[in-house]
Amino acid sequence: MVSPIDTHAAYLNPILSVHRHNANDLLQILIKAQEHYGYIHSDAIDHLSSQLQLPRSKIEGVAGFYSFIYLQPQGCYRVLFSDNITDRMLGNMDLMESLCSQLWVEPGKISEDGLLSVNTTSCTGLCDQGPAMQVNNIAINRLSQSRVNAICELIRERVPLSAWPVEFFAIEDNIRRPDVLLDSQFKSGSALHALLQHGTVETLQQIKTSKLRGRGGAGFSTGMKWEFCREAEGEQHYVVCNADEGEPGTFKDRVLLNGYADMVFEGMTLCARIIGAKKGFLYLRGEYRYLLEHLQAVLQHRRHQNLLGNNILGNSDFNFDIVIHLGAGAYICGEESALIESLEGKRGTPRNRPPFPVTHGYLNQPTVVNNVETFAASCLISLHGGEWYAAIGTDTSSGTKILSVSGDCERPGLYEYPFGVTVAQVLTDCGAVNTQAVQISGPSGVCIAPDEFNRCIAFEDIPTAGAFMVFDQSRDMFEVARNFVHFFKHESCGFCTPCRVGTSLLSNMMDKLSAGHGSPYDFAEIEKLNVLLQSTSHCGLGHSACNPVLNTIAKFRPAYDKRLAHKDFVPAFDLDVALSQARQMTGRDDTGAHLERSHESK
Amino acid sequence: MNTPVKAKLKVATTSLAGCFGCHMSFLDIDERLLDLLQLVEFDRSPLTDIKHCGPCDIGIIEGGLCNAENVHVLREFRANCKILIALGACAINGGLPAQRNHLPLTTILEEVYHAQHGLVDGFIPNDPELPLPLDKVHPIHEVVKIDYFIPGCPPSSDAIWKVLTDLLAGKEPELGHGLIHYD
Amino acid sequence: MSQSNTFTLDGKTIPYNEGQTIIQAAMAAGVYIPHLCFNPEFKPHGSCKLCTVKANGRQTASCTQHPAPGMVVESDTIEINDERRALLQMLFVEGNHFCPSCEKSGNCQLQATAYEMKMMSPHFDQFFPDRMLDASHPEYLLDFNRCILCSLCVRASRDVDGKNVFALSGRGIKSHLIVNAKSGRLADTDFSGDDKAAHVCPVGVILKKRVGFTIPIGQRSFDEQPISATPHPQGACPVGPRSNTATLPPHPTVKGG
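Protein chains in written order, with our numbering: chain Y, 1 to 602; chain Z, 603 to 785; chain H, 786 to 1042.
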């Protein structure tokens, strides 16, 4: 008889050897191990624990952190509906309900026959072609009632995912306005040739001259970051490309990785040459798992072209390769220190900073972490020079910015503009009418009302990681904020008290208002909580978790006022509903078996 | 002393889902009760057996909310009392009764009236006279606005005395070390 | 260290050594800053945020923030204490903290810190989470209802005991403490009462059996003096003298609780 451990060893050992039994690759090993049963079997953990010499508690601790790693059996089809506000606006909730009722399953649960499990998930980055879903981690776009009906049929017939109609998985790029980057006709190797021709010092100088700033939102000078890292002492230096594009409403990296991966990898290679790194990582969010094979092929092609690997372009001292690490459903891993923790196979908890990754990053070695778009832009600078790049955009925000436009507009998709473009211009270009608000840079960014549409996309005015969600007059901005608050609650890492508990409290309070139980008391409570989250949270997630609420309160106050239906405090829960179980058990329905919702309504 | 007679403040008290321990502690202020009675007059309270409270200055609530009647009484107090005080652990966080909250009410009623050994034809009482239980026990501040809290299981008589005398003196009540405790 | 290595804390001059964080220097100078996840015997962690201070006007966790010469630090202010109280209230509603039935009552840092911050009520609505009790171990029990996720036991077991008995799993509000056993039971780990991890819980999660409620009310750690006046309460064994488990019989069979 085969012992349970042997059963698991059979599929785990090949995975373990690919990863050289390296405990730093724990998350990658778990992701692959899970493909066998659709979840991590308890016996599999025994084997991993002994082979990786990791305590079981550590493996379970890591597995438990990530939304897409399961320690309990899931359905054969794991269906996750993307639940960004843009998916909501396109009717994802009705579609989920339809799917659930057709297949006799409740959201958050597994069907009785184990065929499928259904739930929602944070924005999957298909806002320009939503509503979106993932089935067994593979993205499906443009859900409609007919597509959902077809999916129900496929699941019922147990058709393997690989045999589903290809058009379900046809993710579009939707490039609407290319500029220097998206229109660059980049030739692989060209930026590296330029670097080798000019030398690393000169190229670094060009990057500095270009005034390129990080495209992930924070806008730190790329040249300075590379220089600090180059100068930092360490046994190894590392380049990390942050493709954990989790900010709801952002999907530019998806397109860059699909159509411009060569350029992104070349930017990483430029950086590697400049800082002296031999190894790089692309941290790809789990939601973009469907891009993995394509990206591996691009890497392989680059190796064949001698643009990666040893002796790059004939330089014996130029050795660099890139490994793709997958995320597994954790927005917080977009924060660079949490991303590094995750790369090291740990829970994605943001580190205490300082020290910063440029000196103490991956394995405590000097590490550059940059956004996908930043690396791509660095190729343009290597090719055309820093001054050329600096001449684009504004004085303090050089170059272009790619915006991911979604929501209420005719033409959602990618728009690349020189920095300094006004919000109004973008709205005109994307065909937005009767616009009530624009959420820029996602839930953690800012919400802009019409009187601010003349403001500019630039670090000095409205900095952004790229999300540009449009809301027309028909939308309820309170519900927009409520969706975002729930997002933060779901994605809080749980490390610090204010964010862990505060995001839940804030969600509960917004739900209370939404349910019609609000009073000025609750409004004051929300404002107090906002201050506390901003001042005491450990990282940016907690600091910005209340931004959607603060912004919409400041700009769309009537949306809140109409929720403060009660003059005085009323409970968050419905007292009459709280008696329903007892009514059911006793069979009573007399007046004494009911409670009015609030005293004042008497 | 022949100071002019000031109108006495009206105080009401009640015990909801509590054990009357807080009331016992209240009585433990002993001879100071006589001083207190110089200043206050009791309306609805287990001490007076008045069944409904009229307009009061201070309402003191012991216990949390475990059934519909608790909610009615609490609302009566909130509607009639200028200041409402949550007295003791159960009023403040649900206390001991709230430890049933991790069990579904249906399971509890099943267990008590049907499943337990010796109950052959047990049925769940359904007399309209009886208050129906809520699915969860709630602290009172989750249902009405509470002005002051005196924690403790029970709060010490000194803590109760301190809060009341502070309030009667028109001061914000404050409990120092030793007076503020949760057990 | 040079003379210039001082900062001010609520107006008082505090000397510090290179490498010390604000709370470490304050503690050395006998000044109390409220804290829960910080324990002087362990590397600062910075998760509970109770030790938040204003350093040169910016709010930061004083257990992880290093001082700078001349830094102006504010701690005991109405504004910051209001925030600390709110954080405590969050911890109280997040778990199930029924002090009257807790053996740690009177010796509990969460409770004592809440007294110190004059927390009169949990203020927010209770979450009443459904959490487990693990009484499988013959000598110790785990009451997860009271866990505040400070991870002191995780750090103690990993860094001092070299055992990894405890770890955090889950994420966000679903974060929770787990133990290193397939069964999920403490009895099936190599946990021992001699472990450092058995003695660092600031609340009532990790409790020695059969010694609860032995100290009369009035004589417990924080009955006698407030936590602010109690030097270094961490590491103390408030529920009686530390047991010598070596003298206890082995436990071949264990029952779940």
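Treat each hint with caution, since some may be false.
Claimed, not checked - Covered by chain H, according to a simulated footprint, are these stretches of chain Y (three or more residues, beta-carbon under 8 Å):
1) 27-33
2) 103-109
3) 501-510
4) 533-543
If you're looking for bench data, these hints aren't it; they were derived computationally from the structure.
Treat the numbers as computed from the prediction; the structure is a model and nothing was measured.
Backbone N, C-alpha and C define an ideal beta-carbon position, used for all residues, glycine too.
Hints, verified against the model:
Coverage of a stretch by a chain is defined here by at least three residues with a beta carbon nearer than 8 Å to that chain's beta carbons; for the stretch 27-33 of chain Y and chain H the count is 0, and the condition is violated. Counting residues of the stretch 103-109 of chain Y whose C-beta lies closer than 8 Å to any C-beta of chain H gives 0; at least three are required, and the coverage claim is violated. Requiring three or more residues with a Cβ within less than 8 Å of a Cβ of chain H, the coverage given for the stretch 501-510 of chain Y holds, as 6 such residues are present. By the rule of at least three residues with a Cβ nearer than 8 Å to a Cβ of chain H, the coverage given for the stretch 533-543 of chain Y holds, with 4 such residues.
This entry does not satisfy hints 1, 2, going by the numbered hints stated previously.
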